[in-house]
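Chain by chain, the residues run as shown.
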Amino acid sequence: MSAQATLDRDPLVVEDLSLSFGGIQVLQHIALHLKAGEITGLIGPNGAGKTSFFNCLTGLYSPQHGSIRLGSQRLEGVPPTGRAALGFSRSFQHVALCPELTMAENVMIGLDRQSSAGWLDAFLPLPGGRAERSRNRERALAALDRLGVLHVADDYPAQLPPGVLRLAEIARAIAGDPRVLLLDEPAAGLNSIETGDLSSALKRLRAPGLVLVVVEHDMDLIMDVCDTIHVLNVGRLLASGSPGQVRSNPDVVRVYLGDEDA
Amino acid sequence: MSSVIMSSNRLAADAKPAAVAAAPRRLMAGAGVAGVVVLALLPLVAGGYWTYTLGLCFANAIAIISVSFLVRYGGEVSIGHGVFVAAGAYTVALMEKYLGVSLLASLPLAAVSGAFLGLLFAYPSRYLSGIYLAVATMALALALPEVLLHFSSVSGGYEGLYVKLDALPGIAKETQRYYLPLAGLVAVALLLRHFRRSRQAMALLLIRASPHAAESFGVRRSWARLSCMALSGAIAAIAGALLSFSSSTVSPNSFTLWTSIFLLVGSVVSLYSMSILGSLLGGLFLTLMPLLLAGAGDWVPILYGTALLAVVLGVNALPAKLRARLHGGNP
Chain D
1 MSAQATLDRD PLVVEDLSLS FGGIQVLQHI ALHLKAGEIT GLIGPNGAGK
51 TSFFNCLTGL YSPQHGSIRL GSQRLEGVPP TGRAALGFSR SFQHVALCPE
101 LTMAENVMIG LDRQSSAGWL DAFLPLPGGR AERSRNRERA LAALDRLGVL
151 HVADDYPAQL PPGVLRLAEI ARAIAGDPRV LLLDEPAAGL NSIETGDLSS
201 ALKRLRAPGL VLVVVEHDMD LIMDVCDTIH VLNVGRLLAS GSPGQVRSNP
251 DVVRVYLGDE DA
Chain W
263 MSSVIMSSNR LAADAKPAAV AAAPRRLMAG AGVAGVVVLA LLPLVAGGYW
313 TYTLGLCFAN AIAIISVSFL VRYGGEVSIG HGVFVAAGAY TVALMEKYLG
363 VSLLASLPLA AVSGAFLGLL FAYPSRYLSG IYLAVATMAL ALALPEVLLH
413 FSSVSGGYEG LYVKLDALPG IAKETQRYYL PLAGLVAVAL LLRHFRRSRQ
463 AMALLLIRAS PHAAESFGVR RSWARLSCMA LSGAIAAIAG ALLSFSSSTV
513 SPNSFTLWTS IFLLVGSVVS LYSMSILGSL LGGLFLTLMP LLLAGAGDWV
563 PILYGTALLA VVLGVNALPA KLRARLHGGN P
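Going line by line, the protein sequences match chains D and W.
Under the working numbering, the first residue of the first sequence carries the number 1, and numbering increases by one thereafter.
Under the working numbering, the first residue of the second sequence carries the number 263, and numbering increases by one thereafter.
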């Protein structure tokens, strides 16, 4: 087995992470071990700090305390672009596609960090640039196909319903074969059929070298696809465990899941 | 994780809309080629006055494209682009004065000077945006005439410099003044058409729409700003070089704050288009409207404003598909 293959199974380790804005503590002493090859769920009420946690992982926010490691690689001081180069990829709570690009082109941006076409290729139809663009389009179409939305490849975002846009955003996140994939509420705006398709697609994304973390409010989806679930509440880690353990945790039931008998 | 699990043939077959959309695209491309042919044949029937005016109009259309480029790819407005146009114009004039070389030799250097000036301005202003960046560009435009007059021994002062050398020896000057700006406009439009499909263009468009998303995919904001200003400056400088050749002269009066404001007006009239047709609409407005209103005396500003409103409202009332075509094929 090559060194790269070994490296690619590295976990994402978060130790004692704390983030505050002014006097408001958004995350407090979070410690998580996110394993490659698993699907990890991150749940909690609104304002629990889930998206802020994602933003810390991708470098958009700089935590005041604690550390994040991908294997042995420490990520303090590594900007978002540097983390993208390390293999971090994500989707967003609010769809962040470019309205002037077709869906295929939006997905192709997920391959930008792996592309090498230069400025001359940008302005002139040189063979190298054309070949790379053709390869990237093919990979983008394959990613759209994995999410079941290949038929919208040449449509613009304004022409499509929110559920399809969300799936295309996930396609953009997976197009570049990431090592860490962070999906922020991927089922928001999807109908029940689309959510079922998403659930199947997420299970297919599971890969030995991929740290896959899903923030989601749809408990059926989370319980169905995740191997491990972490629960955040007002910036603190409330519970961790398998779906069964989390479902039966009285603290989680009290602050988030709710008691059906109540 | 291996994501490419489909054969390219099946993917190509599934993505049918591209093939369906290709037919009208080919039709529009055919219409575009026909339009360029008509422009190429125009000097055979039009008089010297019109070929001269249209030559200026083509160069102005390129300058308008440079402003539209910044709006479309950078999401920013400039009211100082006359400075980059002036950089190209003075590069041509100075290279003729000191080195004795003609437009064809000095044009590439003019583009480089515009790009360099764009970078020089973009670096310190890379964290400015919106109205703050617009005001900063305005400061450039206000300073330019004074700077040119300060270095009058080089720039020629109020009188400016002349551009007399033929670019294509043996061909009538009037012919060159028409065809070189036309060739420049077609070349710039074609290059930008190809650019739109590049990874750099897609990255610029995404970072304008969603900076956080773009950064998460490895696109840096400072790279985007520097690239946009450099490319926009280079296009503006190419326009300036052709403008100086077509008008045979450069002087500080040609590059005042009003020059920059009118370039922005032309960009608005063209709906920030980077197509030949759209930019020509802006170029025609910029070049012909003052000539048409020349006899109106004190009424000129009012009539100009009315004409501007009429054009902008009229173009916005066009069907969405036609407007998309003016835009250069994108919604």
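If you are wondering where the hints come from, they were derived from the structure by calculation, not from laboratory data.
The beta-carbon is built from N, C-alpha and C at its ideal position, and this holds for glycine as well.
Check each hint, because a few of them may be wrong.
Label pairs and their in silico Cβ distance ranges [unchecked claim]: (1) D/254 x W/390: 43 to 53 angstroms; (2) W/575 x D/37: 52 to 62 angstroms; (3) D/158 x W/563: 48 to 58 angstroms; (4) D/158 x W/575: 40 to 50 angstroms; (5) D/47 x W/575: 39 to 49 angstroms; (6) D/71 x W/585: 45 to 55 angstroms; (7) W/390 x D/82: 37 to 47 angstroms; (8) D/204 x W/389: 52 to 62 angstroms; (9) W/409 x D/82: 32 to 42 angstroms; (10) D/120 x W/416: 56 to 66 angstroms; (11) D/128 x W/389: 27 to 37 angstroms; (12) D/240 x W/389: 36 to 46 angstroms.
Which numbered hints turn out to be false for this structure? 3, 4, 7, 8 and 10
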